[in-house]
Each structure stands twice: as structure tokens, then as C-alpha cells.
Amino acid sequence: MSDEPRQGSAAEVFAVFTKLGLTSFGGPVAHLGYFRNEFVERRQWLDEPTYADLVALCQFLPGPASSQVGISIGLLRAGYLGALAAWTAFTLPSALALVAFAYGLSAFGNALASGWLHGLKVAAVAVVALAILGMARTLAPDRERASLAVLALVIALAIPSAWGQIGAIVVGGIIGVVFLKAEAPAVQTSFRLPGSRASAIIALVIFAALLAGLPVLAALTGDPDIRLVDTFYRVGSLVFGGGHVVLPLLQAEMVPPGWVGNDAFLAGYGAAQAVPGPLFTFAAYLGAVIGGWKTAVLCLVAIFLPSFLLVIGILPFWDGLRRRQRAQAALRGVNAAVVGLLLAAFYNPVWTSGILGKADFGLAAVAFLLLFLWRTPPWLVVVLCAASGELLAALP
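Residue numbering for the sequence shown follows my numbering, starting at 1279 and increasing by one per position.
Hints listed in this document are in silico derivations from the structure and should not be mistaken for laboratory results. Fair warning: this is a prediction, and the values are worked out from it, not measured in the lab. Since no wrong hints were added, every one of them can be taken at face value.
Label pairs and their calculated CB-CB ranges: (1) Ile1480 to Ala1643: 43 to 53 Å; (2) Leu1498 to Pro1534: 16 to 26 Å; (3) Ala1643 to Trp1441: 31 to 41 Å; (4) Arg1601 to Leu1673: 52 to 62 Å; (5) Ile1437 to Gly1500: 37 to 47 Å; (6) Leu1482 to Leu1673: 51 to 61 Å; (7) Arg1601 to Ile1480: 19 to 29 Å; (8) Thr1654 to Pro1419: 25 to 35 Å; (9) Val1575 to Thr1654: 33 to 43 Å.
Glycine is no exception: its CB is placed at the ideal position from the N, C-alpha and C atoms.
With these hints in hand, go ahead and build the complete structure from the sequences.
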């Protein structure tokens, strides 16, 4: 590939991410698989090392890792407008679906346990398995890094929390520096970013100022909208581990104060598992339940705003850091650890929620075959699995 990626337009980014926003079922781990297939293998907007670096960076940052990877790809491809286009297109389908669900909760309530929903979970098993296979070939190809991936898997399973994930990444970086051979930098694609390091510092200052200032402003004014913005911004700023971690935290923030009833919260939680795109769009559902579509927009923007500020603030420094030999050694360890984290997530919740019997295992095997050998488009495999899940549910 050339030293600089060919730049595109925000419209191009929006079109590609709209397709992903409509078809990316299975949660954040599956999203990374969809992104790799679309931007590394098919369109070649990024090479494998750059994509791996973005995934490693976003694993370090709080907030929705898959959305941050998408924002980063949009930023690299078409600047700030590209970042906004990527986030809007990837987020809007699921946000609209969950807002509609909030308005028609009674009509949709009986569909949450349908067979098609379970079929989507089975499809996620095949998508994630393929993503792990592809990333393991590149990021953990030798016995040292494969062993490190298994160590990260053990840490993540032994400490099933954000701390376990962070710990696995830190251990991977330390082992990379100490034990993995520091090779000459082999960066094939440059992060050509708009703006400067000064603008990155400004973004980080705004991030910190909002994190510290919104609680004070909410306490001084008592304004319910500011309280909501503070709550969702804080959750988006401090939660590691993605959507499956943020949902129980939001339950603790929303239900006891009486903003959302527990039944409505759990119904929305089920619906969030059924829609494509990032699980953080659950914020739009909660906002719609609390105050209609305007509040949904407010909550949605508040929970994703930290991701924008952090990506814009960190990426310029990340590019220089990853070019140093010791940093490259650390990244090799971190990337191997990321494979282990993907394996842990593949086991729980992807496998444990998707494979409940022999029929599920058979359907997952067929889906993997279609993806791996027949190169069937992922969206078509998702549709086939959903239809098959509904058919299996109707059988005795």
C-alpha cells in the first residue's frame, strides 16, 4: 500500500457505515469483525497493522470500543466530517429502532423472545469466530504471542469485569516490552489527521472540563436536562468494556431515581440485543421513555460525546508513539492480548447466549461455512440465521 491512505468524502463514509449500521448484529466484538472485513479486506482503506492499532487504542479508552473504531476510521478517511458521518450512519438505525420501540412498547413486547432474535445470536457466533480467526493469524501467529493471547483469555475470564480487560491489556504491553523482540517499525499506513496537536489538547481539555463541571452545574441549577446530560456523559466517559457493561450501570442510574421503571428498562434491554449497531444507543431508548424523541437525542449525544473528544484528542499522539521500536514491541503484546479478550468475549456472552443446543451448533457451523469458505455477505448470513431461528422455534 502507499504511505498515505487515499482520502475519501464524508458522503462515501456515510454510505458504507449506513450499510454496517443496518447489518452489524452481535455486539461490539462482532462489529470489529464486520469492520475488518469491510475496511481491511474488501475496501483496503486500512492495512492490518493500522486496524489492529486502532482496535488496541480503543480498547484502552473508556466508552464503546467499536463505535470509537468507526469514528477513527471516518476521521482518517475524511476528517472531522468523516468522523461525524461514520458515527451518525452507524448509530442512527439502531437509535431510531429503539426510539420507535419506546413509543410502541406494548405492541413489540411479545416479540422479544422470538426465534429470529435467537437466530441473530447464532449468527454472531459465526461472525465473531471468523473475526478471531483472521485476527489471530495476524496478531498471534507464533507461540509466544499465542501463549500471551491465552494468558489474556485466562485473566479476562478470571476477572470478569472492566478491570480484568484493562489488566490483560496492561500485562500484554509489559510482556511485549520485556520479552517480545523489538522490531523496526513496520507501519504501512500513516495517520493523516486534520488539525494539530493543539486541537487534540483542546479536545482533551474539553473532555475533562465537562466531566468535572457537569455534576457541579447540575447541582447548582437542578435542571433535569443537565442532570441527564451529566449522567450519560459520565457513563460514556468512565465505563470500560463496552455495551454489556454500560447497561447494568445505566440501570443503577435510571431505575432507583424513578426516571425509568424496571420493567420498561428490561424490555428495552431485550430490544437493544435485537437491533444492529452499538449497544450504547440504548441511551436513545431511555431518553425516549423519559421525555420523548428530543430527550432521546439529548441522551444519545451525551453518551457518545466523550468518545469523539477522546478519539480526536488521543489519535495524534498515538501515531507518533506507535512508530517507536519499544512502543511497537508493546503493541505486539497488546494486540496479542486483544485476541485473548476477543476469545473471552466469544465464550461469554456470544457463545453462552447463542449456542443452547445441537440445532444452534449446527446452524452456527453452517453460518461459519458460508462466511469462511463461500464468502457470503455477512448481512445475508444474518438474515438466513434469523429466518432459520424462527423456523427452529416453530418445530417441536
